[in-house]
Amino acid sequence: MFKRYLNNEKGFSMIEMMVVLSIIAVLMAGGIKFYLGYIENSRVTKAKAQISTMQAALDAYYAEQSEYPADKAGLLNAGIAAKDNSTFEATDPWGEPYKYEVKKVNQSAYAYVVYTGNDKVQGQSNTYVVGRGTSGDSDAPVIETSGGAPEP
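According to the numbering used here, the sequence shown is numbered sequentially starting from 12.
Just so you know, these hints were derived from the structure itself, not from any lab. Fair warning: there could be bad hints in the mix.
Pairs of lysine to any residue residues, derived as SDA-like cross-links and limited to a Cα-Cα distance of at most 20 Å, are as follows [stated by the list, open to error]: (1) Lys57 - Ala67; (2) Lys57 - Pro104; (3) Lys57 - Leu47; (4) Lys115 - Thr156; (5) Lys115 - Asp150; (6) Lys110 - Lys44; (7) Lys83 - Lys114; (8) Lys21 - Ala67; (9) Lys57 - Ala74; (10) Lys110 - Leu47; (11) Lys21 - Thr56; (12) Lys57 - Thr156; (13) Lys57 - Val124; (14) Lys44 - Val55; (15) Lys57 - Gln76; (16) Lys59 - Asn129; (17) Lys59 - Lys115; (18) Lys59 - Asp148; (19) Lys44 - Arg54; (20) Lys110 - Tyr46; (21) Lys131 - Tyr46.
FRET-style restraints, in silico, Cβ to Cβ [claimed, not checked]: (22) Ser119 - Ile154: 44 to 52 Å; (23) Lys57 - Thr156: 34 to 42 Å; (24) Val37 - Asp150: 37 to 45 Å; (25) Lys44 - Ser119: 24 to 32 Å; (26) Gly158 - Ile43: 26 to 34 Å.
Beta carbons: idealized from backbone N, C-alpha and C, even for Gly.
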């Protein structure tokens, strides 16, 4: 009588369990890849929004002063300040400080560039989120791949 119960056991074999676990592992790998891509896209969107805010402050500064701040220290006067209002050290969504450069294009025109400190946006080398402006007129931030740091 006891032998009859042993031969009629119902359940999963080891092979069936391994197949199910393999399918779950493949689904999880695809889900993780999708999730990491989603996180990277949200960082890019956040960087674009932060750069747009900085551009608005720089354009307002230009409207009053007819020039852009000369360096990061001058960004405090443009209304872009750190939490303790001591220095400009805003960080991008990757934790790196934003880069800022300005140059005089000709007698009456100035140009600036603000870009992410992380040069691996979307996992690609030498790729930045970049915002540019010339003489008080800013362009929308874009993703840019270049051989080096962006120029104003």
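Taking the hints in turn, this is what the structure says about them:
1. Lys57 - Ala67: Roughly 16 Å separates the two Cα atoms, so the pair holds.
2. Lys57 - Pro104: holds (7 Å)
3. Lys57 - Leu47: Since the Cα atoms of lysine 57 and leucine 47 sit roughly 15 Å apart, the hinted pair holds (cutoff 20 Å).
4. Lys115 - Thr156: Status violated; Cα separation ~24 Å.
5. Lys115 - Asp150: Holds, at about 17 Å.
6. Lys110 - Lys44: violated (30 Å)
7. Lys83 - Lys114: Within the cut-off at roughly 13 Å; holds.
8. Lys21 - Ala67: Given that 20 Å is the threshold and the Cα spacing comes to 69 Å, the pair is violated.
9. Lys57 - Ala74: It is violated: about 26 Å lies between the C-alpha atoms, which goes past 20 Å.
10. Lys110 - Leu47: violated (25 Å)
11. Lys21 - Thr56: Violated, at roughly 53 Å.
12. Lys57 - Thr156: With Cα atoms ~18 Å apart, lysine 57 and threonine 156 stay inside 20 Å; holds.
13. Lys57 - Val124: Cα-Cα ~17 Å, so holds.
14. Lys44 - Val55: holds (17 Å)
15. Lys57 - Gln76: violated (29 Å)
16. Lys59 - Asn129: OK: lysine 59 and asparagine 129 at ~13 Å, within 20 Å.
17. Lys59 - Lys115: Roughly 25 Å between the alpha carbons, so the hint for lysine 59 and lysine 115 is violated.
18. Lys59 - Asp148: holds (17 Å)
19. Lys44 - Arg54: Roughly 16 Å between the alpha carbons, so the hint for lysine 44 and arginine 54 holds.
20. Lys110 - Tyr46: violated (28 Å)
21. Lys131 - Tyr46: Measuring from Cα to Cα gives roughly 18 Å; hence the hint holds.
22. Ser119 - Ile154: 44 to 52 Å: Given a distance of about 31 Å, which is not inside 44 to 52 Å, the answer is violated.
23. Lys57 - Thr156: 34 to 42 Å: Check failed, 19 Å falls outside 34 to 42 Å.
24. Val37 - Asp150: 37 to 45 Å: With a Cβ separation near 43 Å, valine 37 and aspartate 150 satisfy 37 to 45 Å, so the hint holds.
25. Lys44 - Ser119: 24 to 32 Å: Once the Cβ atoms are compared, 51 Å apart, the range 24 to 32 Å for serine 119 and lysine 44 is violated.
26. Gly158 - Ile43: 26 to 34 Å: holds (32 Å)
When each numbered hint is compared with the structure, violations occur for hints 4, 6, 8, 9, 10, 11, 15, 17, 20, 22, 23 and 25.
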